[in-house]
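Q: Given next are the chains, with one letter for each unit.
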Amino acid sequence: MIAALTRIQGEARRQLLMATTLYFGILFLEGAVGHVPILATNWHSLALLPVIILPLSLLALIAALLKPSATSEIALRTVMIVAALVGIVGFFTHLAANGVTLSRLGPLLSGAVFREEPGPTWPLAIVLGGVMGIGGGFGIATDDLFRSAVRNGPVRWLDKLAYLSLIGAIALSPSVATLGWCCALTVIACALLLINAVVGLIWLALTRSAT
Amino acid sequence: MMARLLVFLTAVFAGALAIEVLQYHQVAVLQSDRWAQAPQLSGPLLICAAFLVLAWPNRSTIGLFAISCGVSVAVGVAGTLFHFASHSLAFSNATVAATWLGDPPPLAPLEFAVAGLIGLLPVAWKRAELLTLRAVRPASVCYALAALCSLVALGLAAVAALLPAVGSIVVAMVVGTLGAVTSRAYTRLLR
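Here the protein sequences come in this chain order: P and H.
Using numbering that gives the first Met the number 0, you'd call the opening residue of the first sequence number 0 and step up by one each time.
Using numbering that gives the first Met the number 0, you'd call the opening residue of the second sequence number 0 and step up by one each time.
There could be a bad hint or two in this list.
Label pairs and their in silico Cβ distance ranges [to be verified]:
(1) P:160 to H:97: 22 to 28 Å
(2) P:204 to H:160: 51 to 57 Å
(3) H:80 to P:151: 30 to 36 Å
(4) P:137 to H:58: 48 to 54 Å
(5) H:140 to P:104: 32 to 38 Å
(6) H:80 to P:177: 37 to 43 Å
(7) H:128 to P:137: 15 to 21 Å
(8) H:92 to P:117: 23 to 29 Å
(9) H:66 to P:116: 31 to 37 Å
(10) P:96 to H:160: 48 to 54 Å
(11) H:77 to P:104: 34 to 40 Å
(12) P:177 to H:1: 26 to 32 Å
(13) P:166 to H:63: 19 to 25 Å
(14) H:128 to P:163: 32 to 38 Å
Far from chain P, some chain H residues (derived; all Cβ distances over 12 Å) [said to hold, decoys possible]:
(15) 40
(16) 131
(17) 151
No wet-lab data here; the hints were simulated from the structure.
Please read these numbers as outputs of a predicted model, since none were measured by experiment.
Just so it is clear, CB atoms sit at the ideal spot from N, CA and C, and this is done for glycine as well.
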């Protein structure tokens, strides 16, 4: 029973990190891939930040889920902290793009600025993802239950296929010419991660009630 | 403790998504599409259910929370399909970037599914812990007030008073966070 419980705890952490990966997959398509065509026509150095940090976040999460170790934990924590900071910077950058400055705070109070493009609250989603990644990845290097879950979790081939799709999408993302394939691979990866998360939850509930 | 943290995280996640969707759908689609109201209702519902669990953890509130999470997952998946459909998706266009980018953002609704999945995690994993761990009274009061505010937001969103609904959600998030902070502070004081 204890063995089953420990596996459940490890599996719960794996599920949380996989949900975070799914979330970052969505953000990758919206925030990183979405910025590439904008950058191609209208260069802005700050717009490059999510294009860099979101693929790095995905790679750090994949590394933590495939090979939990001290190195992958430090990498995950560092990248997630940077991602959260990028999200905060993005919030203020989007506000500034909509005409809010320190000397002109009026639009902020009217609320109208939040309904304009680019949406100022969108980058805050990266902050939320960063918080989830930091929380989920805390202590994975010393968590034997998590390592056991990584080795013995349900339908492992499905999440590995999803990670492969994500890595392929990241490799294709820098060029505008291959952006379509990048998007298609990201969508496939997100679909696989969603199926995996649902299967994992059902497995978790069934194993929990069995113990 | 971990289970309650995940429920709180779900409330925060759903709050951020609800604010986003209430503002975005207001300018983008609501006048022309009644289905666009679904995420505007499922978001506040999930926040309300999450704060109810934190205030009064019992079988009924946990059941309501689980149902709200399921609704959120369903709304997320259905929303993704709706957004895809509005991009005139054809198999031959699957590798064209314009199919996947632009408005409405095809994968954005899936964030509701992620919020629902995170909420379902403590229900599937630590249901017993959710039932036994009770917050201290000041924290429970804050959580109950936050649940009430999100219920008001749900009502306002239902009658399309979207800006007041956003205001109610913001108040719910602030009061709910105050509850979480109070809970932690009390636990430390009692130690």
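Q: Each hint should be assessed against the structure and marked as holding or not.
A: Comparing the hints with the structure gives:
1. For residue 160 of chain P and residue 97 of chain H, the hinted distance range of 22 to 28 Å is satisfied, since their beta carbons lie about 26 Å from each other.
2. In this structure the hint that residue 204 of chain P and residue 160 of chain H lie 51 to 57 Å apart at CB is violated, the actual value being about 38 Å.
3. Judged by the Cβ atoms, the range 30 to 36 Å given for residue 80 of chain H and residue 151 of chain P holds: they are separated by roughly 33 Å.
4. At about 31 Å, the CB distance of residue 137 of chain P to residue 58 of chain H disagrees with the hint of 48 to 54 Å.
5. Take residue 140 of chain H and residue 104 of chain P: their Cβ atoms lie about 33 Å apart, and the range 32 to 38 Å holds.
6. Judged by the Cβ atoms, the range 37 to 43 Å given for residue 80 of chain H and residue 177 of chain P is violated: they are separated by roughly 26 Å.
7. Checked against the hint of 15 to 21 Å, the C-beta distance between residue 128 of chain H and residue 137 of chain P comes to roughly 19 Å, which is consistent with it.
8. Distance hint for residue 92 of chain H and residue 117 of chain P: a CB-CB separation of about 25 Å, consistent with the stated range 23 to 29 Å.
9. Roughly 35 Å separates the CB atoms of residue 66 of chain H and residue 116 of chain P, a value that falls within the hinted 31 to 37 Å.
10. At about 29 Å, the beta-carbon gap between residue 96 of chain P and residue 160 of chain H misses the expected band of 48 to 54 Å.
11. Distance hint check: the CB atoms of residue 77 of chain H and residue 104 of chain P are about 39 Å apart, consistent with the given range 34 to 40 Å.
12. Hint check: residue 177 of chain P to residue 1 of chain H, Cβ distance near 41 Å, so the stated range 26 to 32 Å is violated.
13. In this structure, residue 166 of chain P and residue 63 of chain H break the distance hint of 19 to 25 Å, their C-beta atoms being roughly 40 Å apart.
14. In this structure, residue 128 of chain H and residue 163 of chain P meet the distance hint of 32 to 38 Å, their C-beta atoms being roughly 36 Å apart.
15. The non-interface label for residue 40 of chain H is consistent with chain P: the shortest C-beta to C-beta separation is roughly 19 Å, beyond 12 Å.
16. A cut-off of 12 Å between C-beta atoms confirms that residue 131 of chain H is not in contact with chain P; the least separation is 15 Å.
17. The claim that residue 151 of chain H is not at the interface with chain P holds, since no C-beta of that chain comes within 12 Å of its own (minimum 18 Å).
The structure does not agree with the numbered hints 2, 4, 6, 10, 12 and 13 stated previously, though it agrees with the rest.
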